[in-house]
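2 protein chains.
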Amino acid sequence: MGLLGNFYDPSSVAVIGASKTPGKVGHSLVKNLLNSGYPGRIYPVNPKEKEIEGLKAYPSVLDIPEKVEMAIVAIPAAGVPAVAEECGKKGVENLIVVSAGFKETGKEGLDLEKRLIHTCKHYGIRLLGPNCVGMMDTHTPINASFTKNFPLKGDIAFLSQSGATLIAILDWSLSAGIGFSKMVSLGNKALLSEIDFIAEAAEDPYTRVIACYLEDVVDGERFLKVVREATRKKPVIILKSGTSQAGARAASSHTGALAGSDLAYEIAFRQCGVIRARTMTELFDLAITFSRCPLPAGKRVAIVTNAGGPGIVATDAVEAKALHMARFTKETIEELRAGLPVEAALYNPVDVLGDARGSRYRLALEKILADPNVDSIVFIMCATAMAEPIETAQAVIELHKQYPQKPVLGVFLGGESLAEGARLLTEAGIPCFTFPEPAIEALRGLSTYREYREMPKEDLDLNYPNLDKKTVKAIFYDVLRDKRLVLLGSEAAAVAQAYGISVAPIYLATSPEEAVEIAQKIGYPVVLKVASPKILHKTDLGGVRVGLDLPEKVHKAFIEIMENVYRLLPQAEIYGVEVQKMMPKGIEMIIGMTRDVQFGPLIACGLGGIYVNLIKDVSFRLAHGLTYKEIEAMLAETKAYTLLRGYRGSPPADIPALIEAIGRTARLCLDFPEIVELDINPVFVYPEGLSALDIKITIS
Amino acid sequence: MGLLGNFYDPSSVAVIGASKTPGKVGHSLVKNLLNSGYPGRIYPVNPKEKEIEGLKAYPSVLDIPEKVEMAIVAIPAAGVPAVAEECGKKGVENLIVVSAGFKETGKEGLDLEKRLIHTCKHYGIRLLGPNCVGMMDTHTPINASFTKNFPLKGDIAFLSQSGATLIAILDWSLSAGIGFSKMVSLGNKALLSEIDFIAEAAEDPYTRVIACYLEDVVDGERFLKVVREATRKKPVIILKSGTSQAGARAASSHTGALAGSDLAYEIAFRQCGVIRARTMTELFDLAITFSRCPLPAGKRVAIVTNAGGPGIVATDAVEAKALHMARFTKETIEELRAGLPVEAALYNPVDVLGDARGSRYRLALEKILADPNVDSIVFIMCATAMAEPIETAQAVIELHKQYPQKPVLGVFLGGESLAEGARLLTEAGIPCFTFPEPAIEALRGLSTYREYREMPKEDLDLNYPNLDKKTVKAIFYDVLRDKRLVLLGSEAAAVAQAYGISVAPIYLATSPEEAVEIAQKIGYPVVLKVASPKILHKTDLGGVRVGLDLPEKVHKAFIEIMENVYRLLPQAEIYGVEVQKMMPKGIEMIIGMTRDVQFGPLIACGLGGIYVNLIKDVSFRLAHGLTYKEIEAMLAETKAYTLLRGYRGSPPADIPALIEAIGRTARLCLDFPEIVELDINPVFVYPEGLSALDIKITIS
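First to last, the sequence lines map onto chains A and Y. Counted from 1, the first sequence has number 299 at position 299 by full-length UniProt numbering; the numbering is strictly sequential. Counted from 1, the second sequence has number 424 at position 424 by full-length UniProt numbering; the numbering is strictly sequential.
Take the hints with a grain of salt, since some may be wrong.
Each pair may be met inside one copy or between any two copies, as identical chains are not told apart.
[To be verified] Simulated pairs of lysine-lysine, BS3-like, Cα-Cα distance not exceeding 30 Å:
id, residue 1, residue 2
1, LYS330, LYS107
2, LYS148, LYS330
3, LYS639, LYS585
Since the hints were derived computationally from the structure, they do not count as laboratory data.
Just chain A, with the same shape it has in the complex (with noise of 0.2 Å):
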């Protein structure tokens, strides 16, 4: 039993609202339990009817006197609470609501949807919906759905958030010999979401491959650490839509989720191992690829084609999706030339010619499979007058059995005349498409996931000696008591340093003479910058002095910025001044931390200065799960990890001491969710060691 129980499963199903009229809900969802050969117990609860479908109707679920596990729920949403309240009673263990007029539809419903959850949680009842089209398992079977069809058996899990997709899907994939292990549609998501479903169907012996259709993750932070989970077991990719700013707006308005941002979705993904699907297209092109291939040992592609053109695309695709053109041992080559016409190409891409037969396409495969160079192989057919689809299509299929280990994909470009042999390779479990550009794609899918896979696990998880929460609350405490929320530069710098991230030393001053003693005790020279919430542009003002290197000048400077800040801005309030030491020059980054609403602590790093936001050169990854080498791979991105690493014959940096003063930022998001926003720029980077200059932090 899998961690749904026997959703999938269960030994008897309720259709309360079922009707005896064709056309509505309540009848296709029983007449879809009868027709899919689901083997338990139907029972249609309907007040009204004695029968419904030769099947004995109750008046509620109450009535019925075996064990109901199941209940799918077609009746207005009013009712939809108190029929949960019953099921509850009864010992229903799962509950599928189909009927809309929940959170989608505004208050109202979403009071609705709250009292439904609330019944679900305490009765312990799994809860499917509401607001959905149902559930399909092809291996049960059943179909618990009020949809025209039930899916060809396949090991393909796919669930979708939204419903009518799920329904074109499924008439789509009847027409294209497309088959699913099950189908979910999820739905508003109101208990069981997503994370359930991918969870499950990573346990599921009948699923090969998870496809979803996403239009929002709630639970950021659990989807990071149970999909991260699943993808070690089995491939999930996911189409997430609503990417776009008018995008995101229509998603709003169709479900009522507040969609997070498109970056945040892109960097969690690659975080937690799911393969990020840009098109529908794309989303089934690589279902169909995982659930028939195996996962290739490395990136050498080797490509066979009877025209030279398609050759060129399938190369041109290769070298674009960062894979390799695989490179043939001595003895293939001695061999393809021994066997091959003397006009064929013989090196990757092998072209065997417009007049080859199917033996010719047998001899080229059985050569190149046999190469240890080669990880997957693509072969091309174009229809021409001499091809032979159907001998080629079965010589393929039998070579391909002696190598199972080496994905194998066909491009069959041509029409009617090809037909027959693609749809042998189909059968075979052979992937086979009309153009080669999208076998080369699917081919990245599966060397992406393969790679994901060998990377060793990590659970650094950021754990660091010397983190002073203390330090951090008792500053928070002083910010809020001040009616603050943005914390002045000396107090930024302190939270840092508590956190262990080296800072240059920066203190208020309240008058000239506490500023000189400041300046004694850290050393010179200083700046000394106005300190004052309100102020952002303090070097306007002339609220800015910096290379002080004497007790006068600081002294001096004191009085000079208290005077022309009040001359300029008499109403500011004004805390002081801030005296830091100036750093010696290293090289300039920046770390920052921007909150996403679904994933959590979003961390970025790059380039730092005053033209960050000008040549963006930064690189983000979630704080969640957040491990050495991801904030090592993060470094890798940005154009700034030439400088760290020693450009033009500068010495490298100290990129250790980087990625640790990144990973404890990280840490310190993690440990007090209060900081909305933080930014360290720049942060000066050293041959040994570093400093964080400039420290701003805004708390909730």
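The hints should help you fit chain Y onto chain A, whose structure is shown.
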């Protein structure tokens, strides 16, 4: 008569190498001419036959008693030049050589090809091929090829540099229901190339859109000139393969063509209005859409759907492709509100809900088509239980007739249940897709092309006053006499100055006294740099001194530089020391040029300075046909543009002066093809004027 005379509709065709044996190319050619319904006379030529397929055969083309306007040659390569000679004597105007064994096979074949070209040029014969499949025209009709099939009649002209690709696409098109005006297999492009066929198709009344599969462009300069004109008349869509490094290797082994760098192709296509397809699917999605749809007046797309999911997916695609979601007028919203159910989404994307029948689509589409804020419409139908694909298709077809100027594209997401509706749409000339994204991609193509067509034609062509060619020639002459290819800094500066580019004064001094004299003339402070063509890292050797503000310092620095360099590199050939005026700092830009094999000078500009290779903030244009507006657009593509316009309170830089400097650089590189590389880095751009500091020029 088009640009290619009677090439597509000769009154008579001789098949040289005609054969009686089915399966032979020489037999297919005769059969295809007969079967295509070709209305002209056909003369098989074969010395061994009396009659082929009921037609009298002739021993040679010279024996044919009447005029022969076209000859198709299918004899072994070695005999082709002699046959071409006979054709010339006979007055044949058009020659199609399908035989292989020419340039693509090596040296011997190349010689044969050269002889063939020579003969055709001598007699003024239009030559297609060799090594091609032939040509088809559905309107003449004529099938002058050895393909198995003949295309459906249509208005897409398809040109293919790969013969097998053409055959495969033809086969596929018959199943997909796509028609062509003509299909041309370009082969080795010995004389006629894509440029000629594009120019002809642009004038051809039967052709509405030109689609090409290309592996290279041989005459880049002519391509730019001719295709720029063609795209003003008709859309030209090109899939260019061999974009990758590995792909380019395959291309060159396949056709013997030297593939240019992909960047140059990318820029060339953009500059002359070609729509570049990224994949084979896209090539035909675009071709079909252009063949059927009007150009939209703007970028505002309306989406109508019966399911939220695909609506969001389409909205995402609209934003991702830089189109806009239309904002309906108040009237439209009110009318939709009055006509649609209360749960329907009235704002774009419009959700007519899963239970929408044809009538509801009709209502929504009628209002939206009438809305002046809508430029194009994508309507999506998911295969729901209530969907009425046929009625909906009929409604759309009717409504579209009332608004023929607005593109309407269909997305029928489902299988068999929607097939008949999709067929109706396709027949009525409304493109119909299975998934939303390709429909939006096709709309983007229409929109990009419309923008290009609407751009006013600019004929500046970089004509500037005060271009002193004589000075440039004199400097190059001295450099060559000196057995160098790299100019000294002072020489390069003089070249730039001769072309009206403002440079920081720099002169070569051969003695300390001369250095002081130069400094006195150009003004202090100055920089001294050792002048030696072999020394790359001058600073490292102590070969540079900056900020010299007194004659004594200049004198001393000269001596020290010479001593340093002689000590460290006693063998170096040293010309002296260059004295350059130190300029005030401006915005650091780079202007550069690299010469592309196919398309000539490729001009770069962007953020300059020592981090130029790190930041890579550079954009490119080809010098041929470059205009003032294009240079402006090129600058606007860089992040540096933000700096130039005045960043964070700094004054804007003199952008017109920079544009002129870039234009003059392009002019210089066009006028002097011997300049193989040029770098001006940095050029300081000031609020008024600019100054080029460091100029490197390499000639050949």
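Hints versus structure:
no. : hint             : result
1   : LYS330 to LYS107 : between (72 Å within a copy, 26 Å between copies)
2   : LYS148 to LYS330 : neither (57 Å within a copy, 38 Å between copies)
3   : LYS639 to LYS585 : both (19 Å within a copy, 25 Å between copies)
Violated hint for the displayed structure: number 2, the only one.
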